[in-house]
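Be aware that the sequence shown starts at 1, since it is given in the working numbering, and climbs by one per residue.
Take the hints with a grain of salt, since some may be wrong.
[As the list claims (entries may be wrong)] The calculated DSSO-like cross-link candidates involving lysine-lysine, where the alpha carbons are at most 27 Å apart (straight line), are: (1) K4 / K21; (2) K4 / K77; (3) K78 / K125.
Worth flagging that the hints you see were computed from the coordinates, not collected in a lab. All values derive from a computational prediction rather than experimental measurement.
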Amino acid sequence: MNFKGHIIGGCISGTAITAVKLLSDGSLDFSSFPQEAALIFGITVFFSIFPDLDTESIPQRWFYRTVFLLLLYLGYKKHYGLATLLAIVAITPRTDHHRGWTHHYFSSVLIPLFLAGFYEYVLAKNQSHDWPFYCMYEHFIDRLWLVIACIIGWNTHLLLDSQLFLFKNNKRYRP
Numbered sequence: 001m002n003f004k005g006h007i008i009g010g011c012i013s014g015t016a017i018t019a020v021k022l023l024s025d026g027s028l029d030f031s032s033f034p035q036e037a038a039l040i041f042g043i044t045v046f047f048s049i050f051p052d053l054d055t056e057s058i059p060q061r062w063f064y065r066t067v068f069l070l071l072l073y074l075g076y077k078k079h080y081g082l083a084t085l086l087a088i089v090a091i092t093p094r095t096d097h098h099r100g101w102t103h104h105y106f107s108s109v110l111i112p113l114f115l116a117g118f119y120e121y122v123l124a125k126n127q128s129h130d131w132p133f134y135c136m137y138e139h140f141i142d143r144l145w146l147v148i149a150c151i152i153g154w155n156t157h158l159l160l161d162s163q164l165f166l167f168k169n170n171k172r173y174r175p
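From just these sequences and the hints, can you work out the full model?
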């Protein structure tokens, strides 16, 4: 699948998960929903193209230009935890060849969970809590939709590339 196809698939998945989030809230308080919806939608679309950022391409160049600007902004605003998280996300696709670990189902679950755990660790350290013994449970549950958006976006990519174990196309699949 090409880049445009992954973007379209990510938009469809992003719209679906945003609608599910809206319907699952059960409340009619929409005051914070536009920002939350944009974040869930954006994360889903981003992770639907994320596994292909390991190849030299125009989208990859624009991605790293955007990351550079975001890192400058986060450094200026002194959001060092988010900047570190963004840097980790940005370099991970470059650590292996195309269709390497980024195209495996377990990575699509483990990496978002690792990122969520790391982010919780940074938040706890910034608030002077001993993280292994203190968990900001309510905040983590509130952000669980973001982890789900990562996983769904990534698996949308794998589905469109036929890399999910249910839909593997053995001619194209190279472990």
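Status of the hints after comparison with the structure:
{"no.": "1", "hint": "K4 / K21", "result": "25 Å, holds"}
{"no.": "2", "hint": "K4 / K77", "result": "33 Å, violated"}
{"no.": "3", "hint": "K78 / K125", "result": "15 Å, holds"}
The structure shown violates just one earlier hint, number 2.
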